Amino acid sequence: MNDAPSALTLSAIRKKFGSLMAVDNLDLAVQPGALVSLLGPSGCGKTTTLRMVAGFESPDSGQITIGGEDVTRQAPNKRGLGMVFQSYSLFPHRTVAENVAFGLRMAGASKQTQADEVRRMLDMVHLTGREEMYPSQLSGGQQQRVALARALVVNPRVLLLDEPLGALDKALRESMQFEIREMQQRLEITALLVTHDQEEAMSMSDQIAVMHGGRILQLGAPNDIYDRPETAFVATFLGTSNLFEGQVQGDRLQTRAGALPLPARPAGDSATLSVRPERVVLGEAASGLPQQLRGRITAASFRGAYAAYHVTLEGSGVEVTAYRQADTALGQTSLAVGTEVPVGWPVEHGVLVTGNAPKE
Amino acid sequence: MPNLVHLSAGARRALLLAPALIFLAVFFVMPLADNSARSFLAEDGGFTLSRYADFLTDRFYLGVIAETVILSAVVTLISVVIAYPVAYVLVRKAGRFSGLIVFLLIAPLLTSIIMRTFGWQVLFARRGLINQWLVTDLGLLDAPLRWLNTPGLAIAALVHVLVPFAVLSIASVLQGVDRRLEEGAQMLGASKLRTFFEVTLPLTTDGIGTGAILVFMIANGSFVTLVLLGGGFQTLPLLIYQQFNTTRDFALASTMSTILLVIALACLWLQLRLLRRQGV
Ligand SMILES: Nc1ncnc2c1ncn2[C@@H]1O[C@H](COP(=O)(O)OP(=O)(O)OP(=O)(O)O)[C@@H](O)[C@H]1O
Ligand SMILES: [Mg+2]
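Chains A and B are the protein sequences, given in the same order. Under the numbering used here, the first residue of the first sequence is numbered 25, with each subsequent residue one higher. Under the numbering used here, the first residue of the second sequence is numbered -4, with each subsequent residue one higher.
Bear in mind the hints are in silico, worked out from the structure with no lab data behind them. One or more hints might be untrue.
[As the list claims (entries may be wrong)] Per label pair, the in silico range of CB-to-CB distance:
no., chain 1, residue 1, chain 2, residue 2, range
1, A, Ala195, B, Phe92, 45 to 51 Å
2, A, Ala195, B, Arg8, 41 to 47 Å
3, A, Asp48, B, Trp264, 54 to 60 Å
4, A, Arg97, B, Ile65, 47 to 53 Å
5, A, Ser43, B, Pro80, 32 to 38 Å
6, A, Asp84, B, Gly171, 49 to 55 Å
7, B, Pro80, A, Lys40, 30 to 36 Å
8, A, Asp48, B, Pro80, 18 to 24 Å
9, A, Asp140, B, Leu267, 40 to 46 Å
10, A, Ala195, B, Leu104, 53 to 59 Å
11, B, Arg87, A, Glu156, 29 to 35 Å
12, B, Leu104, A, Asp48, 32 to 38 Å
13, A, Asp84, B, Ala261, 52 to 58 Å
If you're wondering where the values come from, they're calculated on a predicted model, not measured in any experiment. Each residue gets a CB set at the ideal place from its N, CA and C atoms; glycine is no exception.
Assemble the whole structure, with the sequences as input and the hints as a guide.
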C-alpha cells in the first residue's frame, strides 16, 4: 500500500496446540497509526494471534517484528506494548491512579512525572476525580476507560485490544467504539483489535483481516471487504449475502434459481455469485432486470431504517433475502406477504466468490 | 412421613443439623465449659479471678505462654515459607499432576499423628536409619548425631505435620487469582519476579493469613509431637498435661486450659474476619 515501514509484521506464523492448528501460516502487516481488526468466528485463532504478538505464546515457526525489530523470542515486558483485555483486568488492590501509574513506575518514572501523566490520562478518558477509587467501585465502562488509560500512558508501540468491549451493553459499546477510535487516531497509535462483532470491526478499523481456521481469508478496508468479498465465507460472515452456486455456460451461470448473468468472467467452470440483500430489487422496478425472476414474498419484517423480505422464487423454490428502505412513516412494509413480485438486481452488483455457501 | 415434607425450610435445616449440634454440645462444649468454670471456682464455692491473677503475674508461667506463642510463631513462619512455593507449583505448574500433589499432601493427614511421630523417632534415633546412613553406609560422619530431644527436630516435625494446611489455604486463594492480571503487569514492563511481588503476592495475602492462623492455632495446641520428640520445650499443653496427671492441680490446669482456649478463640476470630473479607 505505501512504503512506510510496518509498525507490526507477522510472517508465516504457525502455532499448534497438540494436534490442533490454532494459527496456520499467517501473514499480516500493520502500518504505523493504523487500526487493524482480526475478525472471525469463535475459535479461529484471533486471541492466539494477539497473544503471540504480546509474547504470552510463542509461535512454532515464523517471525514477528515490531517497529522493524525482531521480537519473536522477546519477553512480554520488553516489547513496549499496551493491552486491554475483555475482562478489564485492573489490579483490584490498587486505586485508579495507581493502576494508571503502574507502567510508569515499572519504567522508573519520577513521582512527579507519574502524577502529571496520570492526571493527563484520566482527563483524556473523562475520569478526573476518581483517582482514589478502587476498580470495584467503578462501572464496567469506567473500568474499561481506566484500562485504556493504563495501556496508553506508557506510549505503547502497538496497542492490543482483545474484545475490549465484549462485556459492555450495546449502547455503551457503541459510544466506547467511537471514543477508542477517536483517541487512537488522534494519538496516531498503531492498534490490533480482536473482535467477533462485525459491526465493531467495520466501524473502528482501517483494515479488517477476516480469519477462519487459523488463516486470514481476506484483508482490506471495511467497505472493500463488504463490497468485494473474495470467498463465500467472507460474504456471509461480514453481513448477509444471497449465494448462487452453479456452472458457467457462456456469459451466464446455470444455478438452481435459473441462468443468471455474470458480472465478470469466472476463472473456472463453476462459480458462486454473491448478491447483498440491499442490492436485490423487488417489484415493478425489477421487471426490466436481466435475471427475469419472479417470486412470492413469504416473510416480511420491519427493521427500522429498512424492511427485510424473504422471497421464494417461482419454479426453483430458492430463498432470496432482500432489504428495502422503509418507505412509510408508519413503518408498514409496503409489500404484503403472499404478493408475487418480479425479482432481480443490476448485474454489476453481483460479486463472484470462491467456495460454497456454508451448509447449515 | 408426610408431615416432614410440610416443615419449613428453616425447621428442616435445624432438624438435619440437630444430631451434629447435640453431639458437639455434649462432647465438646460441655466439657470445655465445665473445665473453664472450674478455674473460676473458689475453695469456698464462690467466684474468683485469683488464679488468673496469680498465673498472669508469675514469671515462670508468663515464660511458658511466651514460649508456646514463640514456638508456634516460628513453626508458622517456616510452614508458610515452605508452603507458598508448593502451592504455587501445585496451582500454576503441576497441570495434570496437581491431583497427585494434593493426594501426597492429604495422605499424611489420614494416618494418626502418633504413628507419624513414632516414624520420626525410628528415623532419627541414635541407631536410627538416618544415622546409620550417615555413619555406616555413606561414612560422612564418625559418630552418630543426637537428633531426638533437640529443638530443631521437634520444630521440623511440627512443620511437617502443618505444612499441608498452609499449602491448601494458599492454593485455594492462588487458584482464584486472574492470570490476566499478571499478564497485564508484564505488558506494562514488569519482569516475572516483579509481577510476583506487585500482583500475585498482594492478591494472595488472604490465603497466607488464613493458612498462618490455622497453622498457628494447631501448633499452639500441639502436644503429641512435643511429648514424643522432646526438644526441651515447656509449652502450655505440656504443662497442662503435667498438672492434670502428675501434680493433680486440676484448678491450675483448668486455668491454663482456659487461657489456651482464649488464644485459640482469638485466632478463630481473626480467621473469620479474613474469610468475611474474602466474601466466602
Ligand atoms: N492454551 C491452549 N491450549 C490448547 N488449545 C488452545 C489454547 N489456546 C487456544 N486453544 C485453541 O486454539 C484455537 C484458537 O483459539 P483462540 O482463543 O485463538 O480463538 P479465538 O478466535 O480468540 O476465539 P473466541 O472468539 O472464542 O475468543 C481454539 O480451538 C482453542 O480451543
Ligand atoms: Mg478470543
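Against the structure, the hints:
1. A:Ala195 / B:Phe92: 45 to 51 Å: holds, 47 Å
2. A:Ala195 / B:Arg8: 41 to 47 Å: Holds, at about 44 Å.
3. A:Asp48 / B:Trp264: 54 to 60 Å: Since the Cβ atoms of A:Asp48 and B:Trp264 sit about 58 Å apart, the hinted range of 54 to 60 Å holds.
4. A:Arg97 / B:Ile65: 47 to 53 Å: Because 50 Å falls inside the window, the suggested range holds.
5. A:Ser43 / B:Pro80: 32 to 38 Å: holds, 33 Å
6. A:Asp84 / B:Gly171: 49 to 55 Å: At roughly 32 Å between Cβ atoms, B:Gly171 and A:Asp84 fall outside 49 to 55 Å, so the hint is violated.
7. B:Pro80 / A:Lys40: 30 to 36 Å: holds, 31 Å
8. A:Asp48 / B:Pro80: 18 to 24 Å: Distance hint for A:Asp48, B:Pro80 is violated at roughly 39 Å.
9. A:Asp140 / B:Leu267: 40 to 46 Å: holds, 44 Å
10. A:Ala195 / B:Leu104: 53 to 59 Å: holds, 54 Å
11. B:Arg87 / A:Glu156: 29 to 35 Å: holds, 33 Å
12. B:Leu104 / A:Asp48: 32 to 38 Å: violated, 49 Å
13. A:Asp84 / B:Ala261: 52 to 58 Å: holds, 56 Å
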